[in-house]
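Colleague: Sequence:
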Amino acid sequence: MQAGVVVFPGSNCDRDVAVALEQSMGRPPVMIWHKHGDFEPVDLIVLPGGFSYGDYLRCGAMAAHASAMKEVARRAEKGVPVLGICNGFQILTETGLLPGALMRNAELKFVCRDVALRVENTQTLFTSRYSAEQVIRIPVAHHDGCYFADRNTHARLEGDGQVAFRYVDDGGMPTESANPNGSLANIAGVFNAEKTVLGLMPHPERLADPAVGGEDGRPLFDGLVEALAR
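Under our numbering, think of the first position of the sequence shown as -13, with each following residue one higher.
Since the hints were derived computationally from the structure, they do not count as laboratory data. Given the structure is predicted, the values throughout are model-derived calculations rather than measurements. Beta carbons: idealized from backbone N, C-alpha and C, even for Gly. Misleading hints may appear alongside valid ones.
[As the list claims (entries may be wrong)] Within a straight-line C-alpha distance of at most 16 angstroms, the following computed EDC-like cross-link-like pairs (lysine to aspartate or glutamate) qualify: (1) Lys95 / Asp130; (2) Lys56 / Asp24; (3) Lys21 / Glu57; (4) Lys64 / Asp29; (5) Lys181 / Asp146; (6) Lys181 / Glu63; (7) Lys56 / Glu26; (8) Lys64 / Glu180; (9) Lys181 / Glu144.
[Claimed, not checked] Now the in silico label distances, taken between C-beta atoms and shown as ranges: (10) Met159 / Gly(-4): 30 to 40 angstroms; (11) Gly23 / Glu212: 27 to 37 angstroms; (12) Arg99 / Met159: 17 to 27 angstroms.
Turn these sequences into a full structure, and let the hints guide you.
Modeller: Written out as structure tokens, the structure is:
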């Protein structure tokens, strides 16, 4: 198995996710510069966190038009799995690969802390190593992480199992106080209809090794490698 990490001007979590991927794959991923619209075949594409193009205009808006993203969209349509973390999630909504939008946090402040997440759907490439309704601890670090979708889209997401993770309290309940950014229905991550594209605001790569304080994020990467290496 081989993975590719797309790097934009302003990406700052590309190396973090590359380390997490290498830890699970046993080999370093391919680093794909945003201008490269024709990159080698990979089994997984990751859009890392950061501030692509300085978050000008709107978070992810400029990155959505990068040459590499045109190829990412083409491969995603053919079924190549795509993972977007934080700014990567914003880019996926801007390209239309995922429904909804990421807006300013409800309190208009940058949020940087660990949060509790409940795993909502384990029947996917990304979440198979977790248990149903398992509560995990993952860091967030964003200013524009408030997920929103219109009523019909939200109903479809809930009905079709496209909600991947939800912000919850330590007891697993999606309370208002557990929601760090005001996201609709405490949604922290969503899938596309085929469950081959995942976008999430929390950073699993930042808790994928005991040396950095925990490894609740590692099952996501281990599960992907296990599924895609078959």
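Colleague: Hint by hint, work out which the structure violates, then give me just those numbers in ascending order.
Modeller: none
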